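K.L.:
One letter stands for each residue in the lines below.
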Amino acid sequence: MSNPQHHPRYETLADFAAGRLDEARAVVIAAHAEVCEQCARDIDALEAIGGGVLANAEPAAMSADALEKTLAMTGAQIMPAQADERPRPASALDAYLGGRSIDALNWKWVAPGVHQHVMKAQGYRDGVLRLVKFAPGKGVPVHTHKGEELTLLMRGAYRDALGEWRAGDIADLDHEHTHEPIAFGDEPCVCLIATSAPLEFKTVLGKVLQPFVEL
Amino acid sequence: MAGGEKKAKAGENGRAMEDLLAAVAETGDRRAFAELFAYFAPRVKGVLMKGGASDTDADDLAQEVMVKVFKKAKLYDVSKASAATWIFAIARNARIDAIRRAAKPDLDPDEPMLVPEEAPRADVVCELKQRDARIREAVTRLPAEQREAMMLHFYADEPHSAIAERLGLPLGTVKSRLRLAIEKVRKELDFDDE
Numbered sequence: 001m002s003n004p005q006h007h008p009r010y011e012t013l014a015d016f017a018a019g020r021l022d023e024a025r026a027v028v029i030a031a032h033a034e035v036c037e038q039c040a041r042d043i044d045a046l047e048a049i050g051g052g053v054l055a056n057a058e059p060a061a062m063s064a065d066a067l068e069k070t071l072a073m074t075g076a077q078i079m080p081a082q083a084d085e086r087p088r089p090a091s092a093l094d095a096y097l098g099g100r101s102i103d104a105l106n107w108k109w110v111a112p113g114v115h116q117h118v119m120k121a122q123g124y125r126d127g128v129l130r131l132v133k134f135a136p137g138k139g140v141p142v143h144t145h146k147g148e149e150l151t152l153l154m155r156g157a158y159r160d161a162l163g164e165w166r167a168g169d170i171a172d173l174d175h176e177h178t179h180e181p182i183a184f185g186d187e188p189c190v191c192l193i194a195t196s197a198p199l200e201f202k203t204v205l206g207k208v209l210q211p212f213v214e215l
Numbered sequence: 001m002a003g004g005e006k007k008a009k010a011g012e013n014g015r016a017m018e019d020l021l022a023a024v025a026e027t028g029d030r031r032a033f034a035e036l037f038a039y040f041a042p043r044v045k046g047v048l049m050k051g052g053a054s055d056t057d058a059d060d061l062a063q064e065v066m067v068k069v070f071k072k073a074k075l076y077d078v079s080k081a082s083a084a085t086w087i088f089a090i091a092r093n094a095r096i097d098a099i100r101r102a103a104k105p106d107l108d109p110d111e112p113m114l115v116p117e118e119a120p121r122a123d124v125v126c127e128l129k130q131r132d133a134r135i136r137e138a139v140t141r142l143p144a145e146q147r148e149a150m151m152l153h154f155y156a157d158e159p160h161s162a163i164a165e166r167l168g169l170p171l172g173t174v175k176s177r178l179r180l181a182i183e184k185v186r187k188e189l190d191f192d193d194e
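Protein chains in written order, with our numbering: chain A, 1 to 215; chain B, 1 to 194.
If you are wondering where the hints come from, they were derived from the structure by calculation, not from laboratory data. In this text the structure is predicted, and so the values were computed from the model without any measurement. Incorrect hints may have been included.
Away from chain A, derived, C-beta distances all over 12 angstroms, residues of chain B [claimed, not checked]:
id	residue
1	Ala164
2	Leu169
3	Thr173
With a straight-line cut-off of 25 angstroms between C-alpha atoms, the simulated SDA-like cross-links for lysine to any residue are [claimed, not checked]:
id	chain 1	residue 1	chain 2	residue 2
4	B	Lys74	A	Ala66
5	B	Lys74	B	Ala38
6	B	Lys71	A	Ala66
7	B	Lys74	A	Ala76
Which stretches of chain B does chain A cover? Using the computed rule of at least three CB atoms under 8 angstroms from a CB of chain A, they are [claimed, not checked]:
id	region
8	37-43
9	70-80
10	137-146
11	182-189
Think of the CB as a built atom: it goes at the ideal place given N, C-alpha and C, for glycine as much as any other residue.
My request is simple: use the sequences and hints to build the entire structure.
P.N.:
Spelled out as C-alpha cells, the structure:
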C-alpha cells in the first residue's frame, strides 16, 4: 500500500497520545498509525513530550510509608517479558471483529448498495464504532457532524469535495465540514467510522435515511 | 527501608533511570526501585495534583503507577523510549483503565484493545536519547502558562473544557496555549527528521 495521503489533525493525535480520545476514535487512530509511519512517529514524539513533562514536573512529597506500601503491593512479582506482547493495533479492531475477517461479518443492509456492521465501543466514554460498506457509486447523503467523526478507509476508495480517499487514509472531520462521500472504483469501499455524536443530515433523504443508517 | 533518600540527580542525566529499570527487570532489585520511586513517584503525584487530584488520591495513584512500573519492568525496552516516556505511558494507561473499569466493572483489565501501547514505536534507537533530552530541555524553556497547559493536557483527568473552567480561562485560550507549546517542542524534533 502506498503511504496514506490524508492524516488525522495534529490535535487529534495529541488527544490520542494523552489518552483523551473516546474508545472508538482511539481504535481508528491506532489502526491508521499501523499503516502510517508519519503519524506513528508523531504519536511517538507526543508520548515523549508526555515523558518530558513528567521529567520536568515539580515533585510533590509522597507520604512517609509510600515506598513500603508500593513494594508490598507488587508482591515482588514481575511479569515475564512476553506477557504483554500482543499483536498490534489492527489488533484493536480484530478484537472487535471477534477474529472474523471483514468479509465474514454479519453485514446489515441499510440502503441500496450500503451495508454496515455496528460494534459496541463502550470501554470508556461514549462513542460508536462501525464498518460501512458502499458499493461503487453509492455514498452517504450530504451531512455535517455534530460531534467529531473519524473515518479510516479500509478498502476501496471514495471521493468527496475534499478529495479522493484510499485505503489507509483518514478523514478527521468536525462541525465545520459538510461532505457527501461517494465510493468509486471496482470494489466496494469499506470504511471504519468512529463517531462521538450523531451525524446531522442536511437533505430530506438523509433525514429519512437517518433512522436506518444510524450514523 | 532506607532507600527513600532523594536521588533526583540520577534522573537528570537521563541515563541512570533506564539502568535502574533494567536492574529492577533483571533481579527485582529493590534499591534500584527505591531510587526510581524517589525520582518518579513525587513527580507523578505532582502532575496529578496539578490536574486537580487531592493529595491522598494523587499519592495512591502514584503508588499504583509505581506498582505497575515494578511489575512491568521487563516489558520496558530502552531502545524504544526513555524511562520518563514509558512511565508517562503507564500512568496514562492506568487512567484509561480506571475509567473503563468504572464504566464496565466486569471488564478484564488486561483486555488488549484500546489502551494505547506502552512502548512507543520509534525505531531510531541512537537518536532517541538525544531527542528526549531536547524535548525535556524545550519543555523547561516554555513560558509557564504553556507548560501548565501541556502538563494538564497529558495528566489531568478531565476534558479541556473542565481544565479551562478550573483555571478560570476561556477554552480557546487553553487550547491555543497547548497548541503553541506543542509546536515549540515539536520544532526540536523536526531537526533530525530527514
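K.L.:
Which constraints among the numbered hints does this structure fail? Numbers only, ascending.
P.N.:
none
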